[in-house]
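Protein chains in written order, with the working numbering: chain S, 474 to 605; chain B, 126 to 948.
No lab work stands behind these hints, which were simulated from the structure alone. Any given hint might turn out to be false.
SDA-like, lysine to any residue: derived pairs with alpha carbons at most 25 Å apart [unchecked claim]:
| id | chain 1 | residue 1 | chain 2 | residue 2 |
| --- | --- | --- | --- | --- |
| 1 | B | Lys253 | S | Val576 |
| 2 | S | Lys538 | B | Pro225 |
| 3 | S | Lys538 | B | Ala336 |
| 4 | S | Lys552 | B | Gly230 |
| 5 | B | Lys397 | S | Lys538 |
| 6 | S | Lys552 | B | Lys333 |
| 7 | S | Lys524 | B | Val226 |
| 8 | B | Lys333 | S | Thr495 |
| 9 | S | Lys524 | B | Lys397 |
| 10 | S | Lys599 | B | Lys253 |
| 11 | S | Lys538 | B | Lys768 |
| 12 | S | Lys599 | B | Gly431 |
| 13 | S | Lys524 | B | Phe254 |
| 14 | B | Lys335 | S | Ala507 |
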Amino acid sequence: MFKEFAKGLSITLKHLMPGHTTTVDYPKKKLEMAPRFRGLHRLVPTQDREKCVACYLCPTVCPAKCITVESDENAKGEKYPRVYEIDLLRCIFCGYCVEACPVEAIEMTSAYELANFKREDFNFDKERLLKS
Amino acid sequence: MVNLTIDGKQITTAKTSTIYEAAKENGINIPVLCYAKKLLPYGACRICLVEVEQMKGRLIPSCTTPVTEGMVVNTMSDEIRKVRKTVLEFLLVNHVVECPVCDKGGECDLQDLTYEYEVVTNRFQGEKFDLPTDEINPLIERNMNRCVLCGKCVRVCDEIVGYGSYSFINRGFETKIATAFDRGLNCEFCGQCVSMCPVGAILPRPFKFKARPWQLKEVDSVCGYCGNGCTVTLGVKDNQVQTIRFNEDTGVNHGNLCVRGRFGYSFVNDTKRLKKPMIRNSNGILVEAEWEEALSAAAEGLKAAGSSAGFIAGARLTNEELYLFKKLSRTVGSDNLDHSGGECYRGVTEGLFETLGVKASTGTFPQIESAQAIVAIRSDFYETHPVVGMVVNQAIRRNEAQLTVIADKKGKLTKLPEARTLMHTPGCEINILNALCQTLLAEGIAVTDGVEDVAALQAFLADYTPEAVAQTVGGDAEAIKKTARELAAADKVAILLAYGLPYSAYSKELATAAANLAILSGCAGGAGSGLYLCGEKANSQGAIDLGIVPGAAGRGVQKMLQGAADGEVKALYVVAEDPMVTYPDRQAVEAGLKKPFLVVQDIYLTETARLADVVLPAATFAEKDGTFTNAERRLQRVRAGIKSPGEAQTDFAVFTRMLKKLGQVTAETPTQVFAELSQECTEYKGIAPADIGPQGVVWGGESLAPTKKQLKTVAGLVPMDASYLLLTGSCLYHSGSLSTHARGPLSVVPEAYVELSRSDAATLGVKEDELLKLKAGDQTLQAKVKVGTRLPAGVMFMPYHFAELELNRVYKGQPAIPVKPVK
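Whenever a hint applies, use it, and build me the whole structure from the sequences.
This is the structure we're talking about:
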């Protein structure tokens, strides 16, 4: 019985030794996210506009109904999102919007530090999403 | 009947069916791209290929193959799947795949089939089209890169509309759909091609990039413009009517619509609509007020006037609202009740009542399609009721009906195949009708069984021989005779007569003459035949049925306005009408509206509303629940798709509140009110609200039997002697003054115009779009010139819809207005 007790304790002690901890010293140190991590969304820009063509597939597929798109016609006669907003307080980060996008205009970044002070600040409009 | 087996299912179907139709009737789905219910079979797309045991060795297109006895059909097998997939691959070789930006995405037949048949790769390579899109016109966008050459647009434009805008051009891979000389589309913009296109090649421009099909809530309602009562399916999103959706299963129109119905919806969403009640304050300025205040003021004013109050309704109100309006007038104690300018409908209904004993069309629209002889009185019939015009076109093309147009100007109807036009001088329709009756009687081919006063009419018509009439008013004597003989020979005859605010002159005489012809040609009371009395507004027939007419001691509209000017009528309540713009004789109307206490209930601050003491904001057809009765006596449900803007309320709600203010308790919902009115109104007796299904209910049955056949003599008009005569009437793109608030119709016809013939334009030295001044009496009118081929020399035409023109300064109900062009 004592033998088992010592064995168990030794494992515990081993983990106490420097270099054996699994906890990361956040925020001094940050983990590198896996490539498929689903963080804050990003709208992909092209040279003069966003890649998004306002096809409404992402708001349609979104289970949390947090995406607002309003399409319009630009000067060149192309379809573009006049409004593109994501309400992050509602978003469940499922990534369906990325999966549904036919033109790969939306992707999810590794940004996860999304805490904020005001409700309004969680509403990401087109400009913010293009820069994120 | 024919027996056959489809997918192991025993089916009995009509001999005339195709395999596709037989399968569809029995719930077996065969994919199609080029098939449409209302078009003739075509067989262009080859998607609908099936296997038939008796025709082994090849696949059979089901949409063009008629059924035969004992046929054994298989609609799905590995081979069929493979072939259909190959067909899709062929189509996708040059079809640009831009589904994310294509407005058809989500309801595109090609997209659905591609998904169903899992066409993820393409074994064939080819160049994608890069043709420029046609965006020259304001309503229809054509992107031929997306076209699958099903030919539906070509066929609908030809077979149904009879316009023929499109055709196939070029050969092989280069084949495309084009307009004449491959220029931009410039047609009457009914948008039938838009509704037919299975892909995104033809789309409605006003709806471009507005929403995706799956986001729209569909509400079946009835179009609020003319009396044809087409079903319009509102596509609603964000409390706005975004578009009108295609719906061929509900109603009488088989999905056919005109430019107004399909593109004239935007007034519903207009930001300029009235949103709050208004009251004229002590300084004489209209200011916004609360509902309670405005309703009290209106109710008190009307109550104070009592029996000297006048009630004027428009015919765009629902039956339930009209019923409440009538109740309101009774509650106040007034007999002064009328609608639609009075004269506009009174003449025709009286004329019909005296001769046939009815006040409505005697047939239904589907019957026109099987008629052998059709007489359209006035070529404007197509302009006022375009979708009935499409039915006429089908009668001609499918059933070889002979159309005769009694017209003072040419138009769409006169251009239909084999159409015979009896051109007469303006205002002389009656002379031609009399000549037709004269021929029928003189040649002994008239139906005279049970007809009263035949001899009297025959004696009276001695002066109206075709030769004499042709000499005085025009028209060809031989053509008149031929028409009369055809009418007598035909089993099924349709006589079409439209009425409306700009056609108030000699209306009783015209209806009487038309009824005489209907009696003598055997049209009245004949099975499948009908005399069609087509009202200008959505619920014109309902207003007549419900008796929105002066009571025993009451005044009609004209007398009310006159009485108001004389101080005898002390208060007027005008609902859904803009008399200042649309009623004849502006000066008299203005004098009548300015003096009394005036309550106006409308959706805009119209010219009439500007004169009012109390203005109440009302709702459009898209915000109402209730019923409309169309020109063929069909009651149809109107359904609310959106909520009224601001504090605006439906006329129904305003009337119930007003009645409450006057101490009357009424039923709360339109359904309850309908139940009540169906007890009172003899025509609607026995119709329960629940009976009014997708196809509506026709009161009086498919053929309304005349209660009598009483011929009446009616004198023709003497042609007016003036070098230039101005006609007024409706133009195709507009209806009343309402459509002048809708962007679609406005983008095609934005302002008033004066149409004249080329020879007149040359004599007067004016060109298209130049301003022309016309002097009539002491008034002058000025409008842009439109040179056309419709009018004979010496005749001009101006549409009456536009407020800015003030046409009713010179139009006082006369058959035609003598004018003098001034430089």
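Now for the hints, and whether the structure bears them out:
no. : hint                  : verdict
1   : Lys253(B) / Val576(S) : holds, 19 Å
2   : Lys538(S) / Pro225(B) : holds, 20 Å
3   : Lys538(S) / Ala336(B) : holds, 16 Å
4   : Lys552(S) / Gly230(B) : holds, 13 Å
5   : Lys397(B) / Lys538(S) : violated, 32 Å
6   : Lys552(S) / Lys333(B) : holds, 9 Å
7   : Lys524(S) / Val226(B) : holds, 12 Å
8   : Lys333(B) / Thr495(S) : violated, 56 Å
9   : Lys524(S) / Lys397(B) : violated, 36 Å
10  : Lys599(S) / Lys253(B) : violated, 33 Å
11  : Lys538(S) / Lys768(B) : holds, 24 Å
12  : Lys599(S) / Gly431(B) : violated, 62 Å
13  : Lys524(S) / Phe254(B) : holds, 23 Å
14  : Lys335(B) / Ala507(S) : violated, 39 Å
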